[in-house]
Amino acid sequence: MEIFRITRNAWGQETLEGMSWDLLPVAFGLGLAIIIGHLVWRAVRRKGSGERGRSPS
Amino acid sequence: MSQQSRPLPAGNRDGDGQLLITRHAPVDRVFHWITALAVLVLLASAFVPILGLKFSWVPLHWITGVVLTAAVLFHLLRAFPRLRCMWIRVKDFRDLAGGRRAAKYTLAQKLMHAAMGLAVLVVTATGVVMLAKVDTPLWQRNPYLLESDTWGWVYVLHGAAALVILTLTMAHIYFSLLPEKRAYLRAMIGGQMTREEAAVFHDPQRWSGQRKDDPRENHT
Numbered sequence: 001m002e003i004f005r006i007t008r009n010a011w012g013q014e015t016l017e018g019m020s021w022d023l024l025p026v027a028f029g030l031g032l033a034i035i036i037g038h039l040v041w042r043a044v045r046r047k048g049s050g051e052r053g054r055s056p057s
Numbered sequence: 058m059s060q061q062s063r064p065l066p067a068g069n070r071d072g073d074g075q076l077l078i079t080r081h082a083p084v085d086r087v088f089h090w091i092t093a094l095a096v097l098v099l100l101a102s103a104f105v106p107i108l109g110l111k112f113s114w115v116p117l118h119w120i121t122g123v124v125l126t127a128a129v130l131f132h133l134l135r136a137f138p139r140l141r142c143m144w145i146r147v148k149d150f151r152d153l154a155g156g157r158r159a160a161k162y163t164l165a166q167k168l169m170h171a172a173m174g175l176a177v178l179v180v181t182a183t184g185v186v187m188l189a190k191v192d193t194p195l196w197q198r199n200p201y202l203l204e205s206d207t208w209g210w211v212y213v214l215h216g217a218a219a220l221v222i223l224t225l226t227m228a229h230i231y232f233s234l235l236p237e238k239r240a241y242l243r244a245m246i247g248g249q250m251t252r253e254e255a256a257v258f259h260d261p262q263r264w265s266g267q268r269k270d271d272p273r274e275n276h277t
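Line order of the protein sequences matches chains V and X. For the first sequence, my numbering assigns the number 1 to the initial residue and increments by one for each residue that follows. For the second sequence, my numbering assigns the number 58 to the initial residue and increments by one for each residue that follows.
Treat the hints loosely; a few may be bogus.
To be verified - Pair by pair, the computed Cβ-Cβ distance ranges are:
id: 1; chain 1: X; residue 1: R157; chain 2: V; residue 2: R8; range: 24 to 34 Å
id: 2; chain 1: X; residue 1: V186; chain 2: V; residue 2: G12; range: 25 to 35 Å
id: 3; chain 1: X; residue 1: W144; chain 2: V; residue 2: A10; range: 45 to 55 Å
id: 4; chain 1: V; residue 1: I35; chain 2: X; residue 2: L202; range: 36 to 46 Å
id: 5; chain 1: V; residue 1: W11; chain 2: X; residue 2: L133; range: 34 to 44 Å
id: 6; chain 1: V; residue 1: R42; chain 2: X; residue 2: L202; range: 28 to 38 Å
id: 7; chain 1: V; residue 1: L39; chain 2: X; residue 2: Y201; range: 43 to 53 Å
Claimed, not checked - Heads up, incomplete: computed chain X residues facing chain V, CB under 10 Å, no partners named:
id: 8; residue: W208
id: 9; residue: L214
id: 10; residue: H215
id: 11; residue: G216
id: 12; residue: L235
id: 13; residue: Y241
id: 14; residue: D260
Since the hints were derived computationally from the structure, they do not count as laboratory data. Each residue gets a CB set at the ideal place from its N, CA and C atoms; glycine is no exception.
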């Protein structure tokens with residue numbers, strides 16, 4: 001996976017063109033990971049607090 | 058009588074008779090939704106062609122970019138005097154660790170604002186420079202404004218900030234739709250939330266949703 005887009009100009013010199021768009025699925029995946037990670041953490045926390053609520057104190 | 062013990066003034070109530078407090082002024086809500094729409098259009102016009110759906114995306118992208126830049130400049134001028142309510146302090150981390158409620162903004166909200174704010178500043182600043190490469194009715198393109206390598210780094214910063222904005226936008230929309238955070242979304246639409254909803258995450262002694270000249274308000 002490339003980090004940068006690099007092309008060659010008419011004289012064969014390398015030219016920096018910008019970020020590689022290989023990183024687009026990475027950014028999207030990171031967003032999904034945050035969402036799924038938080039959903040899991042939220043479910044575990046709710047389950048834990050529910051069990052504590054049911055146990056005799 | 059101390060500031061803390063003064064009774065809270067009567068205010069508007071919702072359909073269930075609960076006291077409503079103001080979280081966002083109309084001007085801030087208009088700014089938020091213009092910014093949100095602009096960011097979504099910019100993300101779509103930048104990334105959809107990369108995914109294979111080809112269309113003439115440049116005019117839509119640069120015009121929406123100018124709208125976003127104008128909105129950001131307006132927000133900077135309006136909100137700068139109140140920057141301290143968004144400033145991230147060690148105290149915010151101590152409050153979170155100690156289970157204490159926040160003032161107007163929670164640590165998570167401040168962190169999201171800082172990250173999104175920084176990414177949007179980078180993307181708008183580089184975007185303004187990149188306008189020199191676009192022919193418009195107002196100016197003609199000048200691709201020789203910068204050296205080739207410098208243009209490359211401008212594009213790198215613009216692209217990197219756009220990718221960060223994509224991730225943060227996904228997270229921001231997800232958190233705004235959570236049932237326990239729905240009051241914030243309602244407040245960003247209608248401006249208000251009930252005092253009970255605010256009290257879940259916010260200490261009424263540090264933020265009660267009253268006027269900014271209220272001596273109980275410190276917003277920090």
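Problem - Hint numbers not upheld by this structure, sorted from lowest to highest - result: 1, 6, 13 and 14
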